[in-house]
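Colleague: This is what each chain is made of:
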Amino acid sequence: MTPADCFAKLPDLLSDDADLLRRGRWLNVECRIDIGTEPFHLTFKDGALVSFDRGPRLMRSTAFTVRGSDEAWRHHWQKMPPPGWHDLFALTKRGAASLEGDLRPLLQNLQVFKDLLALPRRLAEAS
Amino acid sequence: MAPALDPMVGRYLRLDIDGTPHRLYFEEAGSGIPLVCLHTAGADGRQFRHLMADPEITSRFRVIAFDMPWHGKSTPPDGWEKTEYRLTTASYTAAIRAFCQALELDRPVVMGCSIGGRIVLNLAIGHAAEFRALVALEAADFQQPWYDTAWLHRPDVHGGEVCAALISGLIAPQSPPVSRHETLWMYMQGGPGIFKGDLYFYRMDGDLREKVTSIDTSLCPLYLLTGEYDFSCTAEDTLRTASQIPGAQVQVMKELGHFPMSENPARFREYILPVLAKIASTSSS
Numbered sequence: 001m002t003p004a005d006c007f008a009k010l011p012d013l014l015s016d017d018a019d020l021l022r023r024g025r026w027l028n029v030e031c032r033i034d035i036g037t038e039p040f041h042l043t044f045k046d047g048a049l050v051s052f053d054r055g056p057r058l059m060r061s062t063a064f065t066v067r068g069s070d071e072a073w074r075h076h077w078q079k080m081p082p083p084g085w086h087d088l089f090a091l092t093k094r095g096a097a098s099l100e101g102d103l104r105p106l107l108q109n110l111q112v113f114k115d116l117l118a119l120p121r122r123l124a125e126a127s
Numbered sequence: 001m002a003p004a005l006d007p008m009v010g011r012y013l014r015l016d017i018d019g020t021p022h023r024l025y026f027e028e029a030g031s032g033i034p035l036v037c038l039h040t041a042g043a044d045g046r047q048f049r050h051l052m053a054d055p056e057i058t059s060r061f062r063v064i065a066f067d068m069p070w071h072g073k074s075t076p077p078d079g080w081e082k083t084e085y086r087l088t089t090a091s092y093t094a095a096i097r098a099f100c101q102a103l104e105l106d107r108p109v110v111m112g113c114s115i116g117g118r119i120v121l122n123l124a125i126g127h128a129a130e131f132r133a134l135v136a137l138e139a140a141d142f143q144q145p146w147y148d149t150a151w152l153h154r155p156d157v158h159g160g161e162v163c164a165a166l167i168s169g170l171i172a173p174q175s176p177p178v179s180r181h182e183t184l185w186m187y188m189q190g191g192p193g194i195f196k197g198d199l200y201f202y203r204m205d206g207d208l209r210e211k212v213t214s215i216d217t218s219l220c221p222l223y224l225l226t227g228e229y230d231f232s233c234t235a236e237d238t239l240r241t242a243s244q245i246p247g248a249q250v251q252v253m254k255e256l257g258h259f260p261m262s263e264n265p266a267r268f269r270e271y272i273l274p275v276l277a278k279i280a281s282t283s284s285s
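Taken in sequence, the protein lines are chains A and B. This note's numbering puts the first sequence at residues 1 to 127. This note's numbering puts the second sequence at residues 1 to 285.
Keep in mind that the hints were calculated from the coordinates and are not lab data. Note that the structure is predicted; figures quoted are calculated from it, not measured. Keep in mind that the hints are not guaranteed to be accurate.
Stated by the list, open to error - In silico SDA-like cross-links for lysine to any residue, where the CA-CA straight-line distance does not exceed 25 angstroms:
# : chain 1 : residue 1 : chain 2 : residue 2
1 : A       : Lys-45    : B       : Asp-156
2 : B       : Lys-254   : A       : Pro-82
3 : B       : Lys-73    : B       : Arg-86
4 : A       : Lys-114   : B       : Pro-145
5 : A       : Lys-93    : A       : Lys-45
6 : A       : Lys-93    : B       : Asp-148
7 : B       : Lys-278   : B       : Lys-73
Stated by the list, open to error - Rough simulated footprint, nothing fancy, chain A against chain B, three-plus residues with beta-carbon under 8 angstroms:
# : stretch
8 : 46-56
9 : 148-158
Ideal Cβ positions, reconstructed from N, Cα and C, are used throughout, including at glycine.
Model the full assembly from the supplied sequences, consistent with the hints where possible.
Modeller: So this is what it looks like as structure tokens:
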């Protein structure tokens with residue numbers, strides 16, 4: 001599975017995580033997550049992931065974008081990620097990921113987003 | 001049934017720091033060589049509670065952890081409401097020396113983590129003769145910043161939650177969830193702007209590049225230990241720093257991050273016990 005294929009499973013992974021849904025109940029945001037060259041567009045309303053679109057969407061508005069290389073996400077989603085690849089900010093510090101746009105909704109819900117972006121790690125744990 | 005009491009006791013100490021009256025909270029346990037523990041930025045002395053409950057340590061060391069001014073249960077100085085808190089190399093050094101003098105500690109060992117580790121390097125540079133050994137955890141002469149501290153204190157972002165969320169990634173993934181979340185809880189409880197004010201020292205005022213080369217470890221032994229998962233103060237940062245200090249003893253700790261004493265006390269114990277044993281064996285209390 002490519003990293004983008006792993007991320008495509010996010011809606012199911014999130015719906016299985018009652019605690020993360022509870023903690024993310026304040027989310028109201030449109031954001032974009034790039035897995036390598038593949039963009040994903042996510043829309044949250046009152047904590048619910050109401051849309052999850054894979055691939056480019058012309059003129060889609062987003063508050064912020066998190067971009068990471070395939071290598072970054074592949075390491076990040078290992079069952080036990082290696083040092084320097086284990087956290088979103090470890091990735092940005094080493095230049096393997098970036099944060100762009102209006103970061104306020106991201107920082108207001110930072111732990112939720114970090115946990116959300118780490119959810120595909122569960123695929124490695126299950127295999 | 002007897003009450004299940006932890007062994008440490010807490011008290012408040014009145015002292016002047018740079019001419020300003022303070023009321024500092026500290027906890028201690030054990031007897032023997034004084035071991036003063038310095039917590040990380042934006043946290044408090046509770047981070048060291050496992051050391052204070054470890055008979056193998058407290059049988060030889062009087063372990064003391066104080067909450068820095070403005071932190072934990074220490075009362076902020078009168079007029080705090082009209083001040084923006086900013087820690088500096090000078091104010092931090094003054095607080096540690098004043099605390100040790102007020103408690104009449106005889107050449108204590110000082111062990112600090114993160115900003116506490118950085119200031120330990122400054123103690124080694126400027127005041128080595130006052131201490132019998134220095135232990136710098138997650139410390140380096142300089143570290144590359146990895147986020148904008150402006151997010152730590154503003155009305156539209158919950159300060160406690162954003163501080164905890166930012167530093168959560170500095171905890172190793174192997175650390176037990178209970179210890180991880182206890183470490184985060186302390187960050188959620190910091191006063192408004194205090195973590196940011198501590199980082200002023202880290203980012204703006206505490207660059208020790210070049211200065212560390214003057215450290216004389218024959219005056220006071222220096223130990224540096226850094227967790228491999230700490231991407232704020234990386235193992236490379238610590239190794240680079242140690243390479244400039246003849247006689248410094250350095251170790252990279254596996255499966256540990258930026259908060260070794262609180263994020264995984266059992267694992268940290270494996271690394272710190274030999275260091276403390278060495279200090280005890282070469283020290284006359």
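Colleague: Looking back at the numbered hints, which does the structure fail to meet, lowest number first?
Modeller: The structure breaks hints 5, 7, 8; every other hint is satisfied.
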